[in-house]
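A.B. asks: The listed protein sequences correspond, in order, to chains F and U. Just so you know, we're using my numbering here: the first sequence kicks off at 59 and counts up by one. Just so you know, we're using my numbering here: the second sequence kicks off at 18 and counts up by one.
Hints were generated in silico from the structure; no laboratory data involved. Not one of these hints is a red herring.
Derived coverage of chain F by chain U (criterion: at least 3 residues anywhere in the stretch with Cβ under 8 Å from a Cβ of chain U; other residues may be distant):
1) 62-76
2) 83-93
3) 100-110
4) 113-120
5) 124-134
6) 138-151
We put the CB at the ideal spot given by N, CA and C, even for glycine.
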Amino acid sequence: MITLWHYLAVAAALFGIGLVGFLTRRNLITMFLCAEMMLQGVAINFVAFSRYHGNLHGQVFVLFIVAVAACEAGISLALFLAIYRRGRTLDVSTWQSLRERGVPLSVDDVPLPIAPPTEPDPVLTPAGARPPQSIAEEAVRV
Amino acid sequence: MTLFAANLNPATGQMLLALLLAACGFVFLLPQPRGRSVAGGIAALIAAAAVFGAWLQESFGKPLPDMIGTVLFYFFASGALGSGCVLVVQRNPARGAIAFAFVILSTCGLFLLLAAPFLMAATVIIYAGAIVVTFLFVLMLSHQDVVSDENDRSREPLLGSLAGFAFVGLVLFTLYQEHLPTAKLPPLPAQVITPHEQVQLDAVAAQLAELQAKLHSESKPTSEELTAQLTKIEVELGNVVGLPPTNQLGFEDDGSLMRRLQIRVKDAQGERKEEADPQAAAVLARSVALRDLAYTTFRDLENQPPLTSDANREAALRSLLALRNEVRLLSTAGDLPARNVGNLGLVMYSEYLLAVELAGTLLLVATIGAITIAHRKGARA
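Using the sequences and the hints given, assemble the complete structure.
C.D. replies: Set out below in structure tokens:
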């Protein structure tokens with residue numbers, strides 16, 4: 059027989075896994091997905107209690123959680139885009155200048171790889187447009 | 018201090034072992050430039066899952082009368098936890114988003130087992146449909162042109178895993194402690210009211226509405242018609258909720274609903290306390306209230322016949338409306354989990370109307386905010 063305790067235990071484990079991911083990962087998007095996973099754990103708790111008490115208040119609460127999570131996703135993705143435009147990366151460690159005063163700078167043990175020099179993209183002349191040429195060159199080519 | 022005074026029996030050791038194994042698995046598996054051991058991590062995680070499942074089985078429920086429900090529960094729970102682990106340790110964020118979608122689907126399976134079909138549908142549509150797709154979209158937009166291998170590194174994998182699993186351990190240990198004194202938790206409640214009783218209650222409500230319409234209309238019914246209809250309603254309602262101890266018929270009668278619920282609640286107060294069903298008690302209280310309300314209403318209608326004066330007619334209409342509302346409420350209060358969508362809507366738009374409006378406003382503000390933040394300055398619209 060599956061009781062309330064089973065659901066509560068699974069929800070706690072889901073919340074904990076999300077917490078580990080949020081604490082350790084460095085990609086902003088992965089961190090955010092882990093936070094959403096923690097919300098799912100909380101939602102399981104609410105639905106299980108709602109079933110246990112035989113009323114619907116827990117389910118209504120979960121509906122509000124879903125609505126707030128949707129708002130949160132929209133806003134945070136817009137913020138990620140803005141951050142990416144400034145820093146060209148989604149690594150949270152590049153935003154360490156926002157840290158609290160007195161907290162030491164965290165340095166990677168293994169240094170980041172040096173970026174290879176990027177070749178500039180080749181530029182093609184637009185099709186159908188004739189490049190400006192002098193009349194003398196034209197004559198030579200003919 | 019009660020935490021340390023607790024008896025450390027084998028079950029607690031089992032739980033600690035599961036948590037330690039899981040923490041080891043995460044330390045091995047979390048992406049790092051050096052020293053990542055995929056095989057060892059997966060083995061540790063599988064061992065942790067096995068020990069955790071054994072602990073759940075051992076401490077919270079050994080007998081397995083509901084085979085299909087149990088199997089489905091373990092299937093969905095392991096799906097959710099396994100996909101969650103994949104999301105945490107996956108290097109590629111796009112694959113992480115897919116794993117997140119699987120977490121959502123498994124959670125929706127758990128919702129379905131918990132009799133919340135509307136929430137299941139809403140979560141699939143909103144999370145797996147909208148949020149994951151938006152994440153993938155942003156992931157494609159932010160294609161990394163500077164080489165920064167943040168996906169291959171973790172911040173403090175050891176400390177992070179220990180912190181997370183210490184938290185889980187505390188929660189599980191508290192659950193276990195709470196669970197010990199009561200020994201056995203009541204099973205999750207089933208539907209309290211039978212479909213037959215529901216049909217009867219709905220018929221009574223329909224007849225009350227008809228009576229109201231008759232009293233309202235210009236062609237007034239004769240008083241014989243009125244008395245006949247009132248008696249019919251009283252008898253039908255009495256079949257379900259019973260008659261009060263001091264009725265004019267001179268005998269006491271429990272309706273079908275009352276008889277069944279009284280047995281259930283009485284059992285729960287006596288020696289079979291573990292089968293206490295809060296919903297059954299609530300429905301019983303509501304049906305007793307309805308029984309008394311019906312009795313006073315019908316007595317008033319007899320003492321002050323609605324056809325004699327306009328004031329009496331108004332009072333009769335008002336009391337009939339109150340009675341009809343109570344009948345409808347009793348008819349819906351008893352049926353959980355069935356008709357989940359309708360009842361959810363009833364609760365949301367009656368008790369949580371303000372919160373619904375606020376959530377709508379929040380969504381609007383979030384939309385405007387997202388557009389404002391993501392808007393590129395100087396770009397043409």
